[in-house]
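Dock chain R against chain U, hints included.
2 protein chains.
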Amino acid sequence: MNIISGGVCAAKGYTASGVHCGIRKNKSKNDIALIFSEKKANAAAVYTTNLVKGAPLTVTKKHISDGQAQAIICNSGNANTCNANGIEVAEKMCELTANELGINAEDVVVASTGVIGQPLDIEPIKAGIPMLKAQLGNNSLQAAYGIMTTDTKVKEIAVSFEIGGVECKIGGIAKGSGMIHPDMATMLVFITTDCAISSNLLQKALSSDIKDTFNMVSVDGDTSTNDMVVVMANGMAGNKEITEENDDFASFMKALNTITVYLCRCIAADGEGATKLLECKVTGAKDDFTAKKVAKSIICSSLTKAAMFGADANWGRVLCAIGYAKCDVDVNKVDVAFKSNKGVIEVCKEGSGIEFSEEKAKEILLENEIEILVTLGDGNASSTAWGCDLTYDYVKINGDYRT
Amino acid sequence: MNIISGGVCAAKGYTASGVHCGIRKNKSKNDIALIFSEKKANAAAVYTTNLVKGAPLTVTKKHISDGQAQAIICNSGNANTCNANGIEVAEKMCELTANELGINAEDVVVASTGVIGQPLDIEPIKAGIPMLKAQLGNNSLQAAYGIMTTDTKVKEIAVSFEIGGVECKIGGIAKGSGMIHPDMATMLVFITTDCAISSNLLQKALSSDIKDTFNMVSVDGDTSTNDMVVVMANGMAGNKEITEENDDFASFMKALNTITVYLCRCIAADGEGATKLLECKVTGAKDDFTAKKVAKSIICSSLTKAAMFGADANWGRVLCAIGYAKCDVDVNKVDVAFKSNKGVIEVCKEGSGIEFSEEKAKEILLENEIEILVTLGDGNASSTAWGCDLTYDYVKINGDYRT
Chain U
139 MNIISGGVCA AKGYTASGVH CGIRKNKSKN DIALIFSEKK ANAAAVYTTN
189 LVKGAPLTVT KKHISDGQAQ AIICNSGNAN TCNANGIEVA EKMCELTANE
239 LGINAEDVVV ASTGVIGQPL DIEPIKAGIP MLKAQLGNNS LQAAYGIMTT
289 DTKVKEIAVS FEIGGVECKI GGIAKGSGMI HPDMATMLVF ITTDCAISSN
339 LLQKALSSDI KDTFNMVSVD GDTSTNDMVV VMANGMAGNK EITEENDDFA
389 SFMKALNTIT VYLCRCIAAD GEGATKLLEC KVTGAKDDFT AKKVAKSIIC
439 SSLTKAAMFG ADANWGRVLC AIGYAKCDVD VNKVDVAFKS NKGVIEVCKE
489 GSGIEFSEEK AKEILLENEI EILVTLGDGN ASSTAWGCDL TYDYVKINGD
539 YRT
Chain R
139 MNIISGGVCA AKGYTASGVH CGIRKNKSKN DIALIFSEKK ANAAAVYTTN
189 LVKGAPLTVT KKHISDGQAQ AIICNSGNAN TCNANGIEVA EKMCELTANE
239 LGINAEDVVV ASTGVIGQPL DIEPIKAGIP MLKAQLGNNS LQAAYGIMTT
289 DTKVKEIAVS FEIGGVECKI GGIAKGSGMI HPDMATMLVF ITTDCAISSN
339 LLQKALSSDI KDTFNMVSVD GDTSTNDMVV VMANGMAGNK EITEENDDFA
389 SFMKALNTIT VYLCRCIAAD GEGATKLLEC KVTGAKDDFT AKKVAKSIIC
439 SSLTKAAMFG ADANWGRVLC AIGYAKCDVD VNKVDVAFKS NKGVIEVCKE
489 GSGIEFSEEK AKEILLENEI EILVTLGDGN ASSTAWGCDL TYDYVKINGD
539 YRT
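Chain order of the listed sequences is U and R. If you're matching positions, the first sequence starts at 139 in the numbering used here and goes up one per residue. If you're matching positions, the second sequence starts at 139 in the numbering used here and goes up one per residue.
Among the hints, erroneous ones may be present.
[Claimed, not checked] List of simulated lysine to any residue pairs, SDA-like, C-alpha gap at most 20 Å:
(1) R:Lys-471 to U:Gln-256
(2) U:Lys-464 to R:Val-469
(3) R:Lys-487 to U:Lys-199
(4) R:Lys-487 to U:Val-253
(5) R:Lys-487 to U:Glu-505
(6) U:Lys-487 to R:Val-253
(7) U:Lys-199 to R:Phe-427
(8) U:Lys-471 to R:Lys-464
(9) U:Lys-487 to R:Lys-487
(10) U:Lys-471 to R:Ile-225
(11) U:Lys-464 to R:Phe-427
(12) R:Lys-471 to U:Glu-505
(13) U:Lys-464 to R:Lys-487
(14) U:Lys-534 to R:Asn-506
(15) U:Lys-178 to U:Asn-242
(16) R:Lys-199 to U:Lys-534
(17) R:Lys-534 to U:Glu-505
(18) U:Lys-500 to R:Gln-256
(19) U:Lys-464 to R:Cys-465
[Said to hold, decoys possible] Rough simulated footprint, nothing fancy, chain R against chain U, three-plus residues with beta-carbon under 8 Å:
(20) 212–220
(21) 281–294
(22) 415–424
(23) 443–453
[Stated by the list, open to error] Which residues of chain R face chain U? A few of them, derived with a C-beta cut under 7 Å, are:
(24) Leu-234
(25) Ala-444
(26) Thr-522
(27) Asp-538
Just so you know, these hints were derived from the structure itself, not from any lab. The beta carbon of each residue, even a glycine, is placed where N, CA and C say it ideally should be.
Next up, chain U with everything else stripped away, as it sits in the complex (with noise of 0.2 Å):
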């Protein structure tokens, strides 16, 4: 497997393009991205598990629901939810690409991104859609800007991988920042890949993935209104189609899986006001389900991730966010050791704090990677979430998104 570049346009048949259409008013920034398959693709999403959904996904739900889609419209700047207009803007967002592409709105997925509860002007958009037609090409990245809210950095990642001796393509973009701790589905990732691959078991791989990677993100605990993953798969790698769990779909899970886990890091990573990526991995759990809950306890503790903006090795805080992970853990066997590029510190043997250089510590934390090392002593289960630090722009941020 290889990393290749082209992000969402990497995979044979795929273009994209991304446009400042008014929606911001900041009209450095692009506000509207498109992505488009030339052939109908077979098509997988997963949604948030928030009771509150913005009207994109209900449209996206129904025009899934045949498991294919030819385009996907997105917005930022606003999020279209909570809106009484909501489903009707989304649809109209629908049939206007689609009429603009000459396919049908049933084969476009919508999405929208930024503040909650106010409405969504049409009107920029009917002014966009002509001009990202007009854009579309080689563009991931412009696709890529068009996503982004608080984000301060593009998301983009592509891979090449074999499909009994044929070379398929891979590709994604994210948007994350604030508003992130997906839980059953996530935030904003477009996946492309010309990957021939029926639509069960592109749902099939999306679903099980999502379990080990965007789900175990988390910037602030906040479950957005608005979590969308989707794939396009349109087949023109020309492999022949993967139909079952064989081998050929072990390959392509771990195509997919390449990109989502680096799309987690840099979701992470960029997280509202983040100075440092946090990844806590978790072994020696009884089972998964205990790994899982206490790497993402870990990650989600305000205490740990401002004691990391602090770069202050305040260890009895990730002790604090196991005790309180509501799982079955014998505490007085739990270890603890900080790592990153500057080397690794144990801090805790056993549940109880050993000595340890606290300037050492320090060096460690300085760092803007940071693994925090956390064993159980009770089984083989392992896991692993991410997150960030929290800081003083995550306050700024989000104290006045709004204005």
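For chain R alone, coordinates are given in the frame of chain U:
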């Protein structure tokens, strides 16, 4: 019922003291406190549900198992948690206190609060206990100062009430600030009363009360390892002992609730870095469980907390938090309003935004006590939760807590 002065010394037979003994470096801060009842008292307690428990909790549980106690010794600056010799040190604290007071070590309640995982030196405590004894008197305030960590305000309250025509008193002190997300128990709260009540009913009153009070407080979602509420009732008011759930018990519950609600509000308002007290009132819920879950979900939402800091009426975040509360709520029936001394403003009706004056909203949200009013339109259950805003200072305080 009347609010009176005196805190934990208001009720008959109780004295208290607080001094600096050297656990903290800052000599101007008290770091150890003592509460003493001249008569052995019935006692009840509730503790954190965190699996990682401070050593003092283990010792206190043992000592209080007979339903009685006569003194409370509590230090700040070190939680005596995750230390190999923690139990030994906690027992020593009881022994030293008992010797000084001429009582049994088994009648001493011990508590500690501060950093986790650093050995607690017994030497300063050895020196401090005789000082505490010497200062015993009407010094509730000094004791309240002695248990503070990052608290900025001292928290004490007392009320008088009548049981069968006899005047009884009840008072309490508390420490809060960070690592506050009590779960079936709470932070450090010490309550004294001269009301005669059996230890069974005292425990029943406390266990019932905290479900609607301390368990509905959150500062940062981190359930502490050392949470504890202790009530002592020495019977010196002279009322007929309460031994059943009659009208007298109801009167006692009401007095207790006045103390606990007051302390909840103090703890939330003085959350680490807080500039605002948030009080979320949920009404119209289908049941108590739903009302509580929804209220607590809102009060815990980092995004809602940051919006309140910025006086931003970003009610979409309130809806979002309701949606992920994992309750059976019809989000299309939800109304939201914000209220303070400056008035009340409706911002969401039946799950959708309504037009409102941003100017008026700002004026309301700039106050330092904000009510978030949520109506679910689904029944008659209601609940209140208390929290605070998320500020730069929360990050500052916790970025370098140990240094």
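Lys-487 of chain R and Lys-199 of chain U: Cα distance at most 20 Å?
violated (26 Å)
Keeping to a limit of 20 Å between CA atoms, is the pair of Lys-500 of chain U and Gln-256 of chain R held or broken?
Cα-Cα ~17 Å, so holds.
Given Thr-522 of chain R as an interface hint, is the shortest Cβ-Cβ distance to chain U below 7 Å?
Since the shortest Cβ distance to chain U is 21 Å, the answer is violated.
Per the CB criterion, is Leu-234 of chain R less than 7 Å away from chain U?
Status violated, d = 23 Å.
Holds or violated: Lys-199 of chain R and Lys-534 of chain U, Cα atoms, limit 20 Å.
violated (43 Å)
Is it true that the CA of Lys-471 of chain U sits at most 20 Å from the CA of Ile-225 of chain R?
holds (17 Å)
Do the alpha carbons of Lys-487 of chain U and Val-253 of chain R lie within 20 Å of each other, as the hint requires?
holds (17 Å)
Hinted pair Lys-178 of chain U and Asn-242 of chain U, Cα distance within 20 Å
holds (10 Å)
Given the hinted pair Lys-487 of chain R and Val-253 of chain U, is their alpha-carbon gap at most 20 Å?
holds (17 Å)
Is the Cα-Cα distance between Lys-487 of chain R and Glu-505 of chain U 20 Å or less?
Violated, at about 47 Å.
When you check the alpha-carbon spacing of Lys-464 of chain U and Val-469 of chain R, does it fall within 20 Å?
violated (28 Å)
Taking 7 Å as the limit, does the beta-carbon of Ala-444 of chain R come near enough to a beta-carbon in chain U?
Hint holds; Ala-444 of chain R Cβ to chain U Cβ min 3 Å, cut 7 Å.
Hints 2, 3, 5, 7, 8, 9, 12, 13, 16, 21, 22, 24, 26, counting from the list given before, are not met by this structure.
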